[in-house]
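Undergrad: Residues 2 to 69 (my numbering) are what the sequence shown spells out, left to right.
Hints in this document: simulated from the structure, not taken from any laboratory. A virtual CB, placed ideally from N, CA and C, is assigned to each residue, including glycine. Do not rely on the hints blindly, as some may be mistaken.
Label-pair ranges, simulated between beta-carbon atoms [what the hints assert, rightly or not]: (1) Val26 with Gly59: 49 to 55 Å; (2) Asp55 with Ser20: 48 to 54 Å; (3) Ile53 with Phe12: 56 to 62 Å.
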Amino acid sequence: MNKFIEQVKAFWADEDGLSAVEYVVAGSLIVAGLAAAFGSLGDAIKNGVDDIVDCVEGTAGTCGVAAE
2 MNKFIEQVKA FWADEDGLSA VEYVVAGSLI VAGLAAAFGS LGDAIKNGVD DIVDCVEGTA
62 GTCGVAAE
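Let the sequences and hints guide you as you build the complete structure.
TA: Here is the structure:
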């Protein structure tokens, strides 16, 4: 039992585990940021393609031509 307690104390004092947790947290924040950025980019691309389709079908108003 004493060996188990010593191992628990050694694990608790070991700071390498803490840095690993920090890397996991930082990595998850990066992934979340990239997911949000690419989600917004995907919406912008979809809207642009929809505008092009509307222009080709003739259902849009000006189709990018400057109003005079």
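Undergrad: Confirm or reject each hint.
TA: Each hint tested on the structure:
The hint said 49 to 55 Å for the Cβ distance between Val26 and Gly59, and at roughly 52 Å that hint holds. Separated by about 53 Å at the C-beta atoms, Asp55 and Ser20 satisfy the suggested range of 48 to 54 Å. Between Ile53 and Phe12 the beta carbons are some 59 Å apart, a value that agrees with the proposed interval 56 to 62 Å.
The earlier numbered hints are all upheld by this structure, with none contradicted.
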